[in-house]
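Note that full-length UniProt numbering has the sequence shown beginning at 1, numbered continuously upward.
Everything labelled a hint here was simulated from the structure, so no lab data went into it.
Watch out, some of these pointers could steer you wrong.
[Unchecked claim] Label-pair restraints from in silico Cβ distances:
| id | residue 1 | residue 2 | range |
| --- | --- | --- | --- |
| 1 | 124 | 32 | 38 to 44 Å |
| 2 | 95 | 37 | 35 to 41 Å |
| 3 | 66 | 2 | 33 to 39 Å |
| 4 | 48 | 130 | 18 to 24 Å |
| 5 | 96 | 71 | 18 to 24 Å |
| 6 | 102 | 38 | 43 to 49 Å |
| 7 | 109 | 22 | 23 to 29 Å |
| 8 | 53 | 130 | 31 to 37 Å |
| 9 | 94 | 38 | 19 to 25 Å |
| 10 | 117 | 29 | 16 to 22 Å |
[Stated by the list, open to error] Within a straight-line C-alpha distance of at most 16 Å, the following computed EDC-like cross-link-like pairs (lysine to aspartate or glutamate) qualify:
| id | residue 1 | residue 2 |
| --- | --- | --- |
| 11 | 25 | 95 |
| 12 | 6 | 138 |
| 13 | 124 | 16 |
| 14 | 124 | 85 |
| 15 | 25 | 69 |
| 16 | 117 | 138 |
| 17 | 6 | 100 |
| 18 | 6 | 95 |
| 19 | 117 | 102 |
| 20 | 6 | 83 |
| 21 | 124 | 106 |
| 22 | 6 | 22 |
| 23 | 23 | 98 |
All C-beta atoms in this analysis are idealised placements derived from N, C-alpha and C, irrespective of residue type, glycine included.
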Amino acid sequence: MGQEMKVIVFALAHEEYGVEVEKVKTIERMQPMTRVPKTPPFVKGVINLRGVVTPVIDLRGRFGFPESEFTDNSRIIIVSVGDIEVGLIVDSANDVIDVDTDHIDDPPEIVGGIKAKYLRGIAKIGESRLLILLNLQEVLNKSEIIQLENLEE
């Protein structure tokens, strides 16, 4: 058995994704956002989260999925990437599970339309469940992180 890794499971366009618990600060309900001009379309704006201005991106838009209306299940997962916090809009946040690191395979070139560079790996959970693990450093690449850091000032 490899090491256990705690993962937050969330849904996006009918697939299950995961991100390591230690990278997640909080999971918030949808809230009003202030749009910021001259940002990529998937950057939905900023929110004031307990006195901290936090940029929010729509993961559907980031991965080129069709946008959908936000529902009562939609959530903003606040993650820490480097020394900034960013909100990720997801369809729903479902679960926290333990993943055995021995059951994580390298990602294929493309999974569900998402390029491998955005993926950390594919975790096999039980007999028939696959969980796509995100590589947050790539989901928010360097130039975008610089752009988002400028939003916080």
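Against the structure, the hints:
Separation of residue 124 from residue 32 is about 39 Å and conforms to the stated range, judged on CB atoms against 38 to 44 Å. Look at residue 95 against residue 37: about 37 Å separates their beta carbons, and that is inside 35 to 41 Å. Between residue 66 and residue 2, the C-beta spacing of about 36 Å keeps the proposed range 33 to 39 Å intact. Checked against the given bound of 18 to 24 Å, the beta carbons of residue 48 and residue 130, roughly 37 Å apart, lie outside it.
Residue 96 and residue 71 have their C-beta atoms about 21 Å apart, which keeps the hinted 18 to 24 Å range intact. Checked against the hint of 43 to 49 Å, the pair residue 102 and residue 38 passes, with Cβ atoms roughly 45 Å apart. Between residue 109 and residue 22 the CB atoms are about 28 Å apart, so this pair conforms to the stated range of 23 to 29 Å. Between residue 53 and residue 130, the C-beta spacing of about 36 Å keeps the proposed range 31 to 37 Å intact.
A C-beta distance of roughly 34 Å is found between residue 94 and residue 38, which places it outside the suggested range of 19 to 25 Å. The supplied range of 16 to 22 Å is broken by residue 117 and residue 29, whose beta-carbon atoms lie about 30 Å from each other. A distance of roughly 15 Å separates the Cα atoms of residue 25 and residue 95; the hinted pair therefore holds under the 16 Å criterion. The hinted pair formed by residue 6 and residue 138 fails the criterion: a straight-line CA distance of about 20 Å is larger than 16 Å.
Proposed proximity of residue 124 and residue 16 is supported: the alpha carbons are some 12 Å apart, at most 16 Å. In summary, the hint linking residue 124 to residue 85 is not supported, as the alpha carbons are separated by about 29 Å, beyond the 16 Å threshold. Only pairs whose Cα atoms come within 16 Å are accepted, and residue 25 paired with residue 69 is rejected, the gap being roughly 25 Å. At roughly 6 Å between alpha-carbon atoms, residue 117 and residue 138 fall within 16 Å of each other, so this suggested pair holds.
For the suggested pair residue 6 and residue 100, the alpha carbons sit about 9 Å apart, so the restraint of at most 16 Å is met. At roughly 10 Å between alpha-carbon atoms, residue 6 and residue 95 fall within 16 Å of each other, so this suggested pair holds. For a cut-off of 16 Å, the pair hint linking residue 117 to residue 102 is broken: about 20 Å separates their Cα positions. For a cut-off of 16 Å, the pair hint linking residue 6 to residue 83 is broken: about 21 Å separates their Cα positions.
Restraint check for residue 124 and residue 106: satisfied, since their Cα atoms lie roughly 11 Å apart, inside the 16 Å limit. Note on residue 6 and residue 22: the hinted pairing holds, with a Cα-Cα distance of about 8 Å set against a maximum of 16 Å. With a CA separation close to 15 Å, the supplied pair residue 23 and residue 98 stays within the 16 Å bound.
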